[in-house]
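Chains as they are written, first to last, in our numbering: chain E, 1 to 211; chain B, 1001 to 1211; chain A, 2001 to 2211; chain F, 3001 to 3211.
If you're looking for bench data, these hints aren't it; they were derived computationally from the structure. In this text, a Cβ means the ideal position worked out from N, Cα and C, and glycines have one as well. The hints are all genuine.
Below, in silico cross-link-like pairs of lysine-lysine (BS3-like), each with a Cα-Cα straight-line distance of 27 Å or less:
1. K2182/A <-> K3018/F
2. K2077/A <-> K1127/B
3. K3205/F <-> K2210/A
4. K3077/F <-> K2182/A
5. K3127/F <-> K18/E
6. K2077/A <-> K1182/B
7. K2205/A <-> K3205/F
8. K2127/A <-> K2205/A
9. K3210/F <-> K1205/B
10. K2210/A <-> K210/E
11. K2210/A <-> K1210/B
One-sided excerpt, in silico: chain E residues whose CB lies under 10 Å from chain B:
12. G128
13. Q133
14. R188
15. I201
4 protein chains.
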Amino acid sequence: MKAAMVQDVAAQLTEIGKAFYARGWVLGTSGNFSAVVSRDPLVLAMSPSGGDKGSLSANHILLIDENCRVVGEHHAKPSAESLLHIRIAGQLGAGAVLHTHSVWSTTLSDLHAAAGGLNIEGYEMLKGLAGVQTHEHKEWLPIVENSQDMNALSVSVGDTLRSSPHSHGFMLRRHGLYTWGKDLDEARRHIEILEFLLEAIGRTKLMSDKL
Amino acid sequence: MKAAMVQDVAAQLTEIGKAFYARGWVLGTSGNFSAVVSRDPLVLAMSPSGGDKGSLSANHILLIDENCRVVGEHHAKPSAESLLHIRIAGQLGAGAVLHTHSVWSTTLSDLHAAAGGLNIEGYEMLKGLAGVQTHEHKEWLPIVENSQDMNALSVSVGDTLRSSPHSHGFMLRRHGLYTWGKDLDEARRHIEILEFLLEAIGRTKLMSDKL
Amino acid sequence: MKAAMVQDVAAQLTEIGKAFYARGWVLGTSGNFSAVVSRDPLVLAMSPSGGDKGSLSANHILLIDENCRVVGEHHAKPSAESLLHIRIAGQLGAGAVLHTHSVWSTTLSDLHAAAGGLNIEGYEMLKGLAGVQTHEHKEWLPIVENSQDMNALSVSVGDTLRSSPHSHGFMLRRHGLYTWGKDLDEARRHIEILEFLLEAIGRTKLMSDKL
Amino acid sequence: MKAAMVQDVAAQLTEIGKAFYARGWVLGTSGNFSAVVSRDPLVLAMSPSGGDKGSLSANHILLIDENCRVVGEHHAKPSAESLLHIRIAGQLGAGAVLHTHSVWSTTLSDLHAAAGGLNIEGYEMLKGLAGVQTHEHKEWLPIVENSQDMNALSVSVGDTLRSSPHSHGFMLRRHGLYTWGKDLDEARRHIEILEFLLEAIGRTKLMSDKL
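Just chain E, same shape as in the assembly:
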């Protein structure tokens, strides 16, 4: 990987942090973002553990390998959720992984947990997901039970990705949304689309008995 490419990715990650923070999607120290900067061996540029995502700067971004070790010298600690990013990038070949922690994903991942996921169908906005050609597409957004055991959670996520190979994202219960893409632009588009759809579905349910 080239230094210039890493710098470019770091600049994109900080821009994403500011934009998502302004929308209230990564409050506190929530959320994390990564992009693949080398495929073989796998290296991710990633936001560090615990920082405020609204004031990320490029020098906060660290490089981690497939075993979640920091590559090169960096004082920051990798996020505990790096294992999920590595899993998604490795298993799916995704070029970027984004996690938001919005009110709507927290709420709907809780209310639909018993169903194991949320079905999204019939919305034009779905066409913004990679490979989707029609609003009649059925998107299944699985919900994975949250856990502090990151190895176990990574295995659960891997199982979910295998059993729902056509999904563009998943939710962790009461924890938020994960999505990915071939690059950061696509992953960011997927976040905006899925966050929009969660709010639209939530508000529609709220109003459905009021007409």
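Use these hints to put chains B, A and F onto chain E, whose structure you have.
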């Protein structure tokens, strides 16, 4: 058409993109915007297919003719929905057409689809629509079933515009809002007014049994 | 009145326009703002008719007298609602009058119209209203039926101000909120407080049967 | 305490004011913020009484001692709620205290007042609170009845802090949220986390019977 006029329109379209994106009305790659730069023959300056509307720049804007062909040299592809813009500009003589894809228009276009539209009456905000003099005005906002067959959808839209000649906009089901105006300023005003009214009506319905 | 004072007021009015537009309180061409620049004879500096309040600039601001005539040379037309501003400034001696057209004031002015107003009591935020010392204060926010007959509406508003002499504002049904203050800073504070309270009351009612 | 340290704290407080104002958490003259600049004797740098928190500047910040007297020369008046800040900083050893007055904290502090507080459990976002290691943490957010008698209120708050020693914040009924931290960064993180959780809990309750 003059180059200076096209540049001015392109600058307005990029400004509209940033403003609507900030309000969450054109997330993902949703939404599209156009303005007539020549009437005879008809030429529209228009946002391209699939771009992020929050970071439009003037050189993204392309020119299309009444057959949806790109005028001049431009690498971008016209949006599939260009046909609707051409239909509205041609059939109604509108000078500008704007399409937003907000949560409230997505939700209400779904919940009111069976009624074929939404009636809006008694709101002072209606007076901001062109030609409306009183809040007692009755605005009928038709809802057209969504489709990926753009030729068929364009015909449906044309029929709707003829059968509701006094409407200032329409909704596509689970897809959002279209409105227009004599120029971009008027069309933008119409978007703000209709988006406001949709949210006001939605919230009023939600609360109507709580007093 | 001094030119420097008029310029200062115009700058404050444009700043208020931008801030309220960002919060979605004056979409379309809704809302209007004024400040007294001379008491005897009465002269108001005021936002013009029909403009977009998010892009006001100081040279849009016009001066009007107690008969709603433009003072000096200005191409803009006074807003039809200027009569209400003159009424409030004259009858109450207010130094500034602000009108917002938010979703919450539109919705609650409709749902509470039959009761003639909305009672607000027990909120700490009330202490930001001029002269209020405790959250136990009872604020009555009258609702006046909307009308396009501005002379008749001005008389209705005058009657309401007389019959509710302790109120800090009123609502026009499905039209929004009016408040005032000794100067623009106080009137702006009153808008923020009343808009906050309307949203808090609305959300509390929505949730009150859900615990 | 050093002048440079006081200046740095004042700059942080003004930045917090702008950010919270943009989110609608400190409208009107609501909210107040403080940070300990000397422990022995106790001195707090604090936002003044009654100002607009969105336009704080560093020279508005005043220094107060443990008896709520202004330290040094400053024309501003300490906020009536300074006593609560002094109580929290003194009794808990907190380095910073922040109070927001949001719609969700106002609403939920009212609806849950009879229960004496709100239990928050099972949310990943809880892990952003100091010392919390798992989403399975149970956070009790006590609600204290509001009062204009600041000495009595300070005693009530002191009792609440003693009876709920593991809580990271409390609410005043219909008045908002208080939290604290070892420094301003931690206290600000706590505000973002608790405001997020209040909104998530509120929206979940609203939707809980709609699935």
